[in-house]
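Those protein sequences? They're chains U and F, same order as listed.
In this text, residue positions in the first sequence follow my numbering: the first is 1, and each later residue adds one.
In this text, residue positions in the second sequence follow my numbering: the first is 1, and each later residue adds one.
Keep in mind the hints are simulated off the structure, nothing from the lab.
Be careful, since some hints might not be right.
No farther apart than 25 Å at their CA atoms in a straight line, the calculated lysine to aspartate or glutamate pairs in the DMTMM-like style are these [as the list claims (entries may be wrong)]: (1) Lys9(F) with Glu20(U); (2) Lys213(U) with Asp123(U); (3) Lys217(F) with Asp63(U); (4) Lys217(F) with Asp123(U); (5) Lys35(U) with Asp65(U); (6) Lys35(U) with Glu16(U); (7) Lys35(U) with Glu73(U); (8) Lys217(F) with Glu139(U); (9) Lys9(F) with Glu140(U); (10) Lys9(F) with Glu171(U); (11) Lys9(F) with Glu21(F); (12) Lys9(F) with Asp63(U); (13) Lys213(U) with Glu171(U); (14) Lys217(F) with Asp125(U); (15) Lys35(U) with Asp67(U); (16) Lys217(F) with Glu73(U); (17) Lys217(F) with Glu45(F); (18) Lys217(F) with Glu20(U); (19) Lys9(F) with Asp77(F); (20) Lys72(F) with Glu21(F).
Distance ranges between label pairs, derived from CB positions [as the list claims (entries may be wrong)]: (21) Val178(U) with Leu160(F): 41 to 51 Å; (22) Glu76(F) with Lys35(U): 45 to 55 Å; (23) Asp125(U) with Leu12(F): 52 to 62 Å; (24) Arg49(F) with His91(U): 48 to 58 Å; (25) Met188(F) with Asp123(U): 50 to 60 Å; (26) Gly149(U) with Pro114(F): 26 to 36 Å.
The structure displayed is predicted, hence computed values, not measured ones.
Ideal Cβ positions, reconstructed from N, Cα and C, are used throughout, including at glycine.
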Amino acid sequence: MANRYTDNSVSLSASELYCERDDRVLFERLNLTVKNGDLLQLAGPNGAGKTTLLRLLVGLNRDFDGDLLWHGEPLTQVFADYASQRLYLGHLAALKRALTPLENLRWLVSPWMSTESASVITDDDLWQALEDVELGGYEETPCNQLSAGQQRRVGLSRLAIVPAPLWILDEPFTALDVAGVAWLEARIQQHVARNGAVIITSHHALQNIPSLKRLDLGELALGGGLL
Amino acid sequence: MSLVMATIKRDLLLAGRNPGEWLNPLMFFLMVVAMFPLAVDPDPEFLSRIAGGVIWVGALLATLLSLDALYKADVEDGTLEQWLASGESLYMLALAKALVHWLCSGLPLTLMAPVLGLMMALPDDAYIGMLLSLAVGTPILSLLGSVGAALTAGVRSGGLLLSLLILPMYVPVLIFAASAVYHAGLGMAYNGQIGFLGAMLALSVCLTPFASAAALKLNLSR
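Extracted from the complex, chain U is given alone in its bound form (with noise of 0.2 Å):
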């Protein structure tokens, strides 16, 4: 279990990126590389451009000038065996309100469902996966009767479920009380100790994780950069 990353490498690398949006240079020669066990914060004020870096990364986005790469090769022509090693958690949850916790759920790890190489998502890891995040007694219940919170804790469920080494969240912690936010920093600790890497956006201060890289989108602007 300690190593259940080991065998699916992570290694995403960016180099020479520039992008603008009206005619503002958000970034430009930006460089970063992801390896297992990495954790890299997009920081900077609102506006600077993380989500813009992040929905790049996932291949969201194709309006850009430089290179992205899953090892080694352009990240167009490996979009699909990427997308399987990936998970994505957009600012918007993808989830249907007239329908339960358990249907959307379902949904959402449907991509990794079939695919053979992993173990098999049963509905018994689904039930367990809602009951992680505290939303054991509400699996049944329709999305539009949850709180913020509780709907922010569907999506975030699937960190538990769906076998991709690489995570790429964009400001999960938005909505969560205080005992989320504890969650879900361990779970992120937990996922960057087993070797699996972590890109995320936050204005929040991640804690006790050695491996934590900042790449400050605000001083980049004036010319800065990393590694």
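Put chain F on the given structure of chain U with help from the hints.
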């Protein structure tokens, strides 16, 4: 592939939870056709001549009514983002969305049409022709319409824009389908029209998902 199946299942489940969304267009269809005999000459001979056309115009407008919502919620709640992030083929997903749309609009419209045929004094010979034309024609409406829905998904009030984009493309379907019903009513051969509709269906199954996929990508590349 599993994401495609999961999406079909989830969307059908959603349709089951919110029956209003697909029942509304059906009610609209029913009301439009039911009002016609009241407003025009109720003489059965006159009605039987216009029945096919009225039923087809009603079905077409009802489909248009239900198209606006096809991708809107998916764009707003981040479902589309997850699709794109999954690396799954958007072609298959667009096809799946069109299939679900047809199951919730075209199929019930087709099943309801014989009842409306009775109201409109449709000639007995024309029932098979009408059912055939609807069964082959409504999937074309769903497929063509899904392209427009994908293009306007990010627009706040895209309903009007959607109609403007899609209606011209619906015209050929309407002409061939209504003519099939009319000729069936006269006891003439209508396999030419159905054949033409079939060709249009084959083409739109192959080609429209490409257009939908491209339009969906546009929505997200902001």
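Evaluated hints:
Of the pairs offered as hints, the one joining lysine 9(F) and glutamate 20(U) is violated, with about 40 Å between alpha carbons and a cut-off of 25 Å exceeded. Proposed proximity of lysine 213(U) and aspartate 123(U) is contradicted: the alpha carbons are some 36 Å apart, above 25 Å. Using a Cα cut-off of 25 Å, the hinted pair lysine 217(F) and aspartate 63(U) holds, with the two alpha carbons roughly 12 Å apart. Restraint check: the Cα-Cα separation between lysine 217(F) and aspartate 123(U) comes to about 32 Å, which exceeds 25 Å; the hinted pair is violated.
Distance hint between lysine 35(U) and aspartate 65(U) is fulfilled; the C-alpha atoms sit about 22 Å from each other, no more than 25 Å. A hinted pair counts as satisfied when its Cα atoms are at most 25 Å apart, and lysine 35(U) with glutamate 16(U) qualifies at roughly 18 Å. Of the supplied pair hints, the one linking lysine 35(U) and glutamate 73(U) holds, its CA atoms being roughly 15 Å apart against a limit of 25 Å. Between lysine 217(F) and glutamate 139(U) the CA atoms are separated by roughly 33 Å; this puts the pair beyond 25 Å, and the hint is violated.
Distance hint between lysine 9(F) and glutamate 140(U) is fulfilled; the C-alpha atoms sit about 17 Å from each other, no more than 25 Å. Using a Cα cut-off of 25 Å, the hinted pair lysine 9(F) and glutamate 171(U) is violated, with the two alpha carbons roughly 30 Å apart. Between lysine 9(F) and glutamate 21(F), the direct Cα distance comes to roughly 17 Å. Compliance with the 25 Å bound is thereby established for this hinted pair. Of the pairs offered as hints, the one joining lysine 9(F) and aspartate 63(U) is violated, with about 33 Å between alpha carbons and a cut-off of 25 Å exceeded.
Restraint check: the Cα-Cα separation between lysine 213(U) and glutamate 171(U) comes to about 16 Å, which is no more than 25 Å; the hinted pair holds. Taken as a hint, the lysine 217(F) and aspartate 125(U) pair is broken in the structure, with Cα atoms around 33 Å apart against an allowance of 25 Å. Among the hinted pairs, lysine 35(U) with aspartate 67(U) is consistent with the structure: their alpha-carbon atoms are about 17 Å apart, no more than 25 Å. At roughly 23 Å between alpha-carbon atoms, lysine 217(F) and glutamate 73(U) fall within 25 Å of each other, so this suggested pair holds.
A threshold of 25 Å between alpha carbons decides the hint, and for lysine 217(F) with glutamate 45(F) the separation of about 51 Å lies outside it, so the pair is violated. For a cut-off of 25 Å, the pair hint linking lysine 217(F) to glutamate 20(U) stands: about 19 Å separates their Cα positions. In summary, the hint linking lysine 9(F) to aspartate 77(F) is supported, as the alpha carbons are separated by about 18 Å, within the 25 Å threshold. Using a Cα cut-off of 25 Å, the hinted pair lysine 72(F) and glutamate 21(F) holds, with the two alpha carbons roughly 13 Å apart.
Between valine 178(U) and leucine 160(F) the beta carbon distance is about 48 Å. The supplied range of 41 to 51 Å therefore holds. As the Cβ distance of glutamate 76(F) to lysine 35(U) is approximately 36 Å, the hint placing it in 45 to 55 Å is violated. With their beta carbons about 23 Å apart, aspartate 125(U) and leucine 12(F) fall outside the hinted range of 52 to 62 Å. Checked against the hint of 48 to 58 Å, the pair arginine 49(F) and histidine 91(U) passes, with Cβ atoms roughly 57 Å apart.
Distance hint check for methionine 188(F) and aspartate 123(U): the Cβ-Cβ separation is about 56 Å, which falls inside the suggested range of 50 to 60 Å. In this structure the hint that glycine 149(U) and proline 114(F) lie 26 to 36 Å apart at CB is violated, the actual value being about 51 Å.
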